[in-house]
Amino acid sequence: MSKKYDAIVIGGGHNGLINAAYLAKAGKDVLVLEKRHVLGGAAVSEEIYPGFTFSVCSYVVSLFRPHIIRDLNLAKHGYDIIPMDASFQPLPEGDLGLCRWGDSARSRREIARFSKKDAEVYGEFSKVMTHMARLAKEVIDNPAPDVASINPKELSALLRMGKVFKNLGPELLQMNTKLLTMSSADFLDLWFESEVLKGPMAVSGIIGTFLGVRSPGTAYVLLHHYMGELDGAFRSWGFSKGGTGGVSNACASAAKSFGAEIKTKIDVAHVKIEQGKATGVVLANGDEIDSKIVVSNLDPNRTYLKMIGEDNLAPEITREIRRFKLRGSSAKVNFALNGVPNFCKKRDGLEFMKGDIAIVPNIDYAEKAYDQAKYGEFSERPYINIVVPSLTDPTLAPPGKHVMSCFVQYAPYNIKEGPEHWPKLADKFGDTVQNTIKEFVPDIDSLVEHRQVVTPWDLQETFGLTEGNIFQGELTLEQLLFQRPISGYAKYKTPVDNLWMSGSGTHPGGGIMGSGGELSAKSILREKVI
Amino acid sequence: MPIQTPFHPRTSELNSNLDWKDWGGYFAANSYNVVNDFEYYAFRHSAGLVDITPLFKYKVTGKDASLFLSRLIVKDIAKLKLNQATYCCWCDDKGMVIDDGTVMRFGEDDYFVTAADPSYSWFSRFVKNLDVHIEDITDSYCGLALQGPTSRDILKLVCDADLDRLKFFWTTSAKGDGFEFKISRTGYTGDLGYELWTENKNALKLFDAVWSAGQDYNIRMSGIAALDIARIEAGLLMNGVDYHSSLHALIPEQMSTPYELGLGWTVNLERESFMGQRALKEEKKNGSRWATVGIDINWPDLERLYYNHGLPPHWETGAWRHSVPIYHRRHLSKQIGYATSGTWSPVLKKNIAIATIEIEHAKPGTEVNFEVMVEHQRKTVRATVGKPQFFNPDRKRSILENSIP
Ligand SMILES: Cc1cc2nc3c(=O)[nH]c(=O)nc-3n(C[C@H](O)[C@H](O)[C@H](O)COP(=O)(O)OP(=O)(O)OC[C@H]3O[C@@H](n4cnc5c(N)ncnc54)[C@H](O)[C@@H]3O)c2cc1C
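If you read the sequences in order, they're chains A and B.
Residue numbering for the first sequence follows my numbering, starting at 1 and increasing by one per position.
Residue numbering for the second sequence follows my numbering, starting at 1 and increasing by one per position.
Hints should not be assumed to be uniformly reliable.
[Said to hold, decoys possible] DMTMM-like mimics (lysine to aspartate or glutamate), calculated; alpha carbons at most 25 Å apart, straight line:
id, chain 1, residue 1, chain 2, residue 2
1, A, LYS346, B, ASP216
2, A, LYS346, B, GLU13
3, A, LYS401, B, ASP216
4, A, LYS256, A, GLU527
5, A, LYS522, B, ASP301
6, A, LYS25, B, GLU367
7, A, LYS127, B, ASP394
8, B, LYS182, B, ASP216
9, A, LYS438, A, GLU195
10, A, LYS25, B, ASP301
11, A, LYS4, A, ASP287
12, A, LYS76, B, GLU316
13, A, LYS25, B, ASP394
14, A, LYS76, B, ASP153
15, B, LYS379, B, GLU358
[Unchecked claim] Here are some chain B residues the structure puts well away from chain A; computed CB gaps all over 12 Å:
id, residue
16, SER12
17, VAL127
18, PRO149
19, LYS175
20, GLU371
21, VAL374
22, ILE399
[Stated by the list, open to error] Quick look at which bits of chain B chain A covers, simulated, 3 or more residues with Cβ under 8 Å:
id, region
23, 43-52
24, 211-222
25, 344-354
If you're looking for bench data, these hints aren't it; they were derived computationally from the structure.
All C-beta atoms in this analysis are idealised placements derived from N, C-alpha and C, irrespective of residue type, glycine included.
With the sequences and hints as input, model every part of the structure.
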């Protein structure tokens with residue numbers, strides 16, 4: 001008789017690996033099955049061209065929960081984040097642009113070139129956001145409370161959260177309401193006047209959504225930018241050594257050290273369901289593996305419609321899950337370069353390029369980029385978030401050469417030609433990005449050795465992100481907390497007994513933070529189902 | 001007034017923070033940048049370069065050099081192989097530690113000793129009629145520590161030495177472009193790293209070669225502040241901070257033995273007599289009173305204390321060096337030890353400290369209470385006793401066996 005596992009985790013993304021690690025640490029017999037040849041899902045490093053290692057999808061780390069690092073001893077397994085010190089906004093025509101630094105006096109002087117007022121308000125803004133983020137932290141480090149429940153546990157969780165709100169005081173509470181309802185552009189208008197400052201700040205509110213900086217509700221997402229600073233890292237964004245796959249590899253190594261088994265190149269066709277209960281998985285090749293519970297790290301769409309299947313779902317659940325918004329809107333272009341792409345020759349040294357470089361010189365630029373996307377086109381002048389991690393982590397490229405990662409928005413999955421036409425458009429899209437960069441780096445063409453374009457279609461077909469949504473589902477207010485992925489099943493459970501979820505399509509959402517994996521494992525262990 | 005090291009023309013140019021301190025009578029950069037955590041990260045991610053010239057340096061030569069050092073030092077130095085290095089400490093006749101440092105054997109009768117304190121006079125007392133010559137080369141030799149994962153790649157561009165196979169705590173001679181120097185695979189960071197030693201006249205040549213080779217490897221100048229974080233993570237003690245030299249201590253309570261400092265592994269007890277041997281044998285038999293341990297300070301506890309004030313957790317970003325009381329797990333009025341230095345560990349995401357603690361509470365896993373100051377109020381948080389070495393990456397000892405010479 002073949003072996004029966006305590007748990008099978010479908011999908012070796014970082015959340016799946018963390019889930020497996022927590023379960024294995026608790027003594028459970030766990031098997032992780034990953035479809036691709038590499039682990040990591042959207043947090044993956046691959047040597048796409050000899051000598052050049054790309055963070056193919058996600059490229060910076062900020063939200064990863066520090067207690068997970070401690071719980072799983074991840075530092076020992078190679079988890080290693082290099083913080084970024086700068087955030088640069090280049091401007092055309094040889095302007096110095098705007099660079100924000102860890103050194104606040106230096107940032108103030110930079111901002112004052114555009115607005116003396118903004119320069120001083122900047123510190124105040126950070127203060128308020130720090131308070132707000134404290135609240136958000138309480139939200140992301142706990143399972144979403146169920147507002148409809150009268151279970152005393154749920155109520156006390158709600159109460160705890162309510163207390164955080166209350167402690168904020170009336171002024172901050174009002175600020176919170178604004179954050180929840182306003183657009184990120186409007187919210188920033190309350191504070192700042194200079195466009196070069198507002199541009200790169202506002203776009204934090206639209207990452208991974210099919211919304212514009214002027215769409216209501218986007219202000220909330222800004223908060224995520226301020227969360228990293230709270231966790232004792234005292235610094236928000238960083239590079240993972242060896243690319244973001246380094247995070248996943250550390251999680252995998254930790255999981256193995258606790259006894260979990262991990263297999264790659266195993267395509268799971270669907271969950272084995274007997275009498276409404278998950279009893280294992282069926283692989284694409286027809287093989288079956290049995291387990292007491294199954295954890296799906298896939299997005300909600302795949303979990304419900306493919307892993308469970310419509311036949312096993314009530315019609316209203318199917319309807320709800322189909323309403324869960326994916327609408328991918330971003331793409332990646334990764335470059336292998338034979339030299340440094342200097343975004344501002346007027347500046348001394350290269351320190352200003354060791355953080356992220358945002359191409360979004362003003363609010364209108366971002367909104368115009370969205371306008372095109374609304375009608376099914378990719379932006380001709382897109383918002384690009386660029387990093388050159390090899391300046392900081394020399395192991396990513398041969399000496400003197402560099403890798404440049406460009407996160408691009410908008411590249412709507414639902415392109416007007418139809419999403420399946422993306423492969424044909426990939427080159428044209430790559431040119432658009434390269435030409436946009438050329439406005440700041442005139443010699444970019446001669447630097448490019450290789451170029452990898454990862455379209456929303458690729459995100460779906462290769463990385464298993466339905467409709468190319470980078471967060472396994474839009475991070476908009478109506479899809480968060482007790483409504484992620486659908487209300488009634490926001491606590492990592494599904495309508496099928498013994499089938500759980502752990503990916504970023506669950507609370508608290510997307511980004512390399514590990515929370516889905518951790519909170520799901522803890523819920524499983526608490527219920528003693530295995 | 002402190003004087004300048006031979007690297008000063010370069011280090012001063014690179015120091016945008018004007019943050020100098022006195023280290024052994026020399027100007028040493030405490031930090032080079034206003035935001036200086038990158039100086040620490042360089043040790044863990046690429047390479048940090050530290051001017052370590054202020055260390056006290058001695059050349060010990062003569063037919064009896066091995067014998068002499070073995071009598072002085074708790075470790076049997078005569079066993080050191082050619083080109084090998086060792087970390088060690090030396091004691092007074094009561095077995096109380098005077099200083100710690102490294103000894104390297106450059107030749108059959110040729111040793112190189114580094115120390116934190118001036119030691120010439122102490123060493124000289126034991127020469128008597130032995131064939132030994134001690135030369136204080138503190139002011140004529142200079143040193144650079146190149147520490148971090150890319151340090152080997154950088155150094156390979158600088159010299160001809162076979163670095164792929166140079167093991168942890170071994171040394172080699174090296175030739176650069178127009179200068180000679182010594183390389184020891186040693187350091188104060190607990191990471192892959194090297195220390196480079198040369199005559200003052202070669203200082204700038206060495207510096208320039210390392211600095212320019214490092215450009216493609218994200219080399220950074222690192223100050224003492226950054227070094228302090230790394231050495232605490234590695235559980236390496238500091239004379240004058242985590243313990244006091246018995247030559248300077250005013251009362252016996254301020255002195256420590258090697259066993260109490262967790263340096264028992266450096267003591268070779270059963271051999272010809274050496275300084276402090278009798279006392280150390282006694283202690284070995286009867287047990288020690290104190291132990292040096294690592295303390296993992298509960299972060300969620302601290303977070304909660306700040307949270308109660310409506311604040312995000314706050315902690316000094318750099319390392320600290322002052323005494324902090326440690327209390328019994330249940331009896332908060334019973335002090336059982338004190339921390340001597342600590343830091344927020346950026347790699348481990350933990351708040352850690354090095355502490356001296358009563359031996360009966362020193363077992364790894366023991367729960368204690370650690371004093372913290374939150375919004376001007378003294379509070380305690382839970383903490384766990386462990387080994388002082390918090391971080392010990394494989395690369396520290398790695399060798400590249402399969403490399404083609
Ligand atoms: C282009 C892009 C850029 C991003 N940038 C950032 C960033 O800079 N910072 C940040 O924090 N976040 C970023 N994100 C988001 C972040 O990467 C994700 O939220 C996170 O990695 C998701 O992890 P996960 O474990 O929840 O799921 P996933 O990584 O999606 O894991 C799902 C896994 O399941 C596997 N799988 C799918 N189907 C099957 C099957 N049938 N059988 C077996 N295995 C299967 C997949 O191959 C995958 O490994 C980005 C995402 C993308 C796509």
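Results of checking the hints against the structure:
no., hint, result
1, A:LYS346 with B:ASP216, "holds, 21 Å"
2, A:LYS346 with B:GLU13, "holds, 21 Å"
3, A:LYS401 with B:ASP216, "holds, 9 Å"
4, A:LYS256 with A:GLU527, "holds, 24 Å"
5, A:LYS522 with B:ASP301, "holds, 20 Å"
6, A:LYS25 with B:GLU367, "holds, 22 Å"
7, A:LYS127 with B:ASP394, "violated, 40 Å"
8, B:LYS182 with B:ASP216, "holds, 23 Å"
9, A:LYS438 with A:GLU195, "holds, 22 Å"
10, A:LYS25 with B:ASP301, "holds, 23 Å"
11, A:LYS4 with A:ASP287, "holds, 14 Å"
12, A:LYS76 with B:GLU316, "holds, 24 Å"
13, A:LYS25 with B:ASP394, "holds, 23 Å"
14, A:LYS76 with B:ASP153, "holds, 23 Å"
15, B:LYS379 with B:GLU358, "holds, 21 Å"
16, SER12, "holds, 18 Å"
17, VAL127, "holds, 46 Å"
18, PRO149, "violated, 8 Å"
19, LYS175, "holds, 22 Å"
20, GLU371, "holds, 19 Å"
21, VAL374, "holds, 15 Å"
22, ILE399, "holds, 18 Å"
23, 43-52, "holds (count 3)"
24, 211-222, "holds (count 3)"
25, 344-354, "holds (count 7)"
Hint compliance for this structure: hints 7 and 18 are not met, and every other hint is.
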